[in-house]
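Protein sequence lines, in the order shown, are assigned to chains P and D.
In terms of this note's numbering, the first sequence is residues 1 to 538.
In terms of this note's numbering, the second sequence is residues 1001 to 1538.
Calculated directly from the structure, the hints in this document are not laboratory data.
As the structure is a computational prediction, the values presented were derived from the model and not from experiment.
The beta carbon of each residue, even a glycine, is placed where N, CA and C say it ideally should be.
Each hint should be verified, as a subset may be incorrect.
[What the hints assert, rightly or not] One side only, chain P facing chain D, incomplete, derived with CB under 10 Å: (1) Leu-225; (2) Gly-322; (3) His-325; (4) Ser-514; (5) Val-523.
There are 2 protein chains.
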Amino acid sequence: MIARGCIRRNARQLTTSTEQAKLFKAVTFLHSNNTKKKRVVILGSGWAGYSFARTLDPAKYERVVISPRSYFVFTPLLASTSVGTLEFRAILEPVRRAPGGLRFYQGWADDVDFSRKVIRVEANAIDKLQHDLSPISASTAASEVATETRPPKGEVFDVEYDKLVIAVGAYSQTFGIAGVREHAHFLRDIGDARRIRLRVLSLFEQCSYPASPGGKDGKTAGKPLTEDEKKSLLHFVIVGGGPTGIEFAAELHDLIHEDLKKIYPELMPLVRITVYDVAPKVLPMFDKALAQYAMEVFARQGIQVRTEHHLQQIRAADGTLGSAHGGLSIKIKEYGDKEVEAGLVVWSTGLMQNPFVEQMVNKQFTAVNEAEAPKSHLLKDPRTGGIVTDGYLRARITDNKISDSNKTAISTAAPVLPDVFVIGDCAVVEGNESLPKTAQVASQQAAHLARQLNRSTDESIDIKSVSKPFKFRNWGTLTYLGGWKAIHQSSADTLRGWVAWIVWRGAYLTRSMSVRNKLMVPVYWFVNWVFGRDISRF
Amino acid sequence: MIARGCIRRNARQLTTSTEQAKLFKAVTFLHSNNTKKKRVVILGSGWAGYSFARTLDPAKYERVVISPRSYFVFTPLLASTSVGTLEFRAILEPVRRAPGGLRFYQGWADDVDFSRKVIRVEANAIDKLQHDLSPISASTAASEVATETRPPKGEVFDVEYDKLVIAVGAYSQTFGIAGVREHAHFLRDIGDARRIRLRVLSLFEQCSYPASPGGKDGKTAGKPLTEDEKKSLLHFVIVGGGPTGIEFAAELHDLIHEDLKKIYPELMPLVRITVYDVAPKVLPMFDKALAQYAMEVFARQGIQVRTEHHLQQIRAADGTLGSAHGGLSIKIKEYGDKEVEAGLVVWSTGLMQNPFVEQMVNKQFTAVNEAEAPKSHLLKDPRTGGIVTDGYLRARITDNKISDSNKTAISTAAPVLPDVFVIGDCAVVEGNESLPKTAQVASQQAAHLARQLNRSTDESIDIKSVSKPFKFRNWGTLTYLGGWKAIHQSSADTLRGWVAWIVWRGAYLTRSMSVRNKLMVPVYWFVNWVFGRDISRF
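Kindly generate the complete structure, drawing on both the sequences and the hints.
Have a look at this one:
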């Protein structure tokens, strides 16, 4: 350790890359020969990846995180930031600040060589993707990585691993519906929330000019908005009646009725919020009585809920409403030819696999580093396309013929890659295939896996002696409904109204959040309650 | 009042624009015939415009603010937000939330008809300009309004005024130096601060990849950064040794040495900060001893100050350093052909007039609404191009022949437009031509003018009986130097070191700030001191 520290200090004083490179190799060589800490590389900085990286013991393992996003997002409070109830930074945790220290590379995992245990990484610290005001979110823009629209390649380098944890998450699914990717806003990441916030506030400002030009000479260059056009722009459409969509509708309602009502009183009669879902019932994870209560709350608040409605297309509205103001025209099957106009569409339904996952499940490789070894590939779940794992969260592979040298680590009944684990939205745990893709499931898997690895670094020990298979415990579901009301359901109880609201606010303070944000979240709640939400756009 | 309120409530229920337009005219007609409150229209939302609008008595005047920016920026703390010592919203005040209520239109004043007392306004609530990550700031982009690169015109409408206050401020001056507008960052508005913050943090992340590709197959698509390239990217250049430039250098130093040192320790030997100025001495408003003390503090902190250096050109650096990483190559006269490379250039020197001001001073009009009246134009200051005013901040005009009907309001010795006032950076007060263009001067002019108008709404009274001419009181200058040291100079005393730092922090809490921000600023100072500045980029 002392020799290594000494070398590291000297390394800082070297000034040429050649000398540093030689020393880098020397350090690596040293690393392999001393008290070897296994290196665990985590792909992803979401609920699964970040929670796992934080919980893995840095005294036992070297932790390396690779992700195109350098921070973790506390997604249950994302809808609150999209209207200004909270500020964005209060729900971010920079990966580099994880307690205990870890190494971080901002980049995409392009490829993994499972035989040689090497990841090919492409750097992406150059901020080009995330700041376009167009609705395409960072996660969607990330999906363009696989297509020709990809930005210039950053530098490429390799990272070796002893153990690999794939936690790359999933993308929003558009079901191939025309216009969604170009015109709708997702709500899965901070960039999405920021764009939505700016769009909502801008729409109110755009509608706040005098109704008539009032110009004495009659010359006007731009056409002022008519009443009907303002009603179109102030129509806020949410597609998807799950917790994300419902909570966004609730938060938007609060923003409008607590703050914008005082600033733009004349526009209030023109505002509408509508939630569309293809299912017969919104909030499917709640029992019927609670879902019904939610609908009653929404009805009293004036939020329209249209179940069993199918969106077919989104396009720009006709004329300057579309071209200048960004107004949209939506085709809904149940309305035939009559299109619905709106100023904003938030798309919060459906997940699809990350292109990286698609690439990995189709990749042929040899499970062991031998020339004659038979080819394998990761087992893919036929329903969702995710990577199948066993109960110990190890990636399952398809080939049954395993060489003797690996036999102790692999169950002959269900072959796995013993050093590759998969958690979160991209994982499908055998025996638990129906688990939803939620933050709760992802963080429980992450905690389980971290404890499993922390218990023993000795790979010769049978995993069954250090760990049990993963079992999900449902801590219940909470959804905010607006107006200081919420609903909560768990196996123990159901709550509704302001009691559930208190649980809702309290629950979030205890999870996966730094001390800084545990402090800032209540500060923002208080300040925004007393002084109103901030409405500045920049 | 009751009738007017009644009409306003009914107006909200009308649903067609025709009906609303008729009512709008009816209200205007009613307005002219009842207890007439004069309408004061303020162009601008900076120190002069916002301070004036807040101080003008809403019981005596109808207040209307027109500005392309819907919020006021507390500029003395802008440098702090550009590195994360404070968050952006803590220094913003939305115009619409000014106490006592006022009407606001987000837009550009295109033209003013001084005879008919009408302003032609172009709406700009559609957010297109402010979110580009390229260095061109919102204020610079605003200057493109006058050129062909202007975005599509928003709706155009007219606003009538009884009194007009021109407070449109000034733009950053580039002295025609090639490459400044394209590659340098200004620091005058929130968009500028946000771009600088993202750029600084991105540069550190870009330099944090392994020195060698480490790829076993030797294939690399992007070329990794060499040591020298990292030194170029981590060279932060500030042009302008006035308080803005010095404070930014100081804040940047704090960010690097308090926070980034812990996150990117290996990059610290490569970081440099350099301040260039053409003058022989930086901080010209301070006496020699204090300026010298500032230089000593900077020297101990490792900040290089190069006085009497002239920047001639900025261009993209050669190769991928420029094309992929945004590195810059700077030509400095004193270095001959050898260019200086940098990752960021902050341009904080020089002001030039707003195109609106240039248009106004060149505009011929008749001071009174008569066909035969002689032409006038506003008096333009030959040195700065600003609009000249008398001691009562009324716009001076050039024509001496004034018709009898206006004689009581105009001094025959120095003709003015009695209902048009000019304050702030775009104003030049006769007898005070050497006043600097600072927030202090602008806010004192605003306060003076507001008190002058509040004292009497009766225009038949000679202005000299309600007001004295404007006189600037120098409350002193404060500049932060980094490392919890500052300098302060006023006619009463000079302070340096941590004592001045306490005055610096305390002074800002008392001025022009809402209660909300008076609370949030110390909260951020505390939280960022305990937990470190936030480094997430989105």
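Consistency of the hints with the structure:
no. : hint    : verdict
1   : Leu-225 : 7 Å, holds
2   : Gly-322 : 12 Å, violated
3   : His-325 : 7 Å, holds
4   : Ser-514 : 7 Å, holds
5   : Val-523 : 6 Å, holds
Hint 2 from the earlier list is the only one contradicted by this structure; the remaining hints agree with it.
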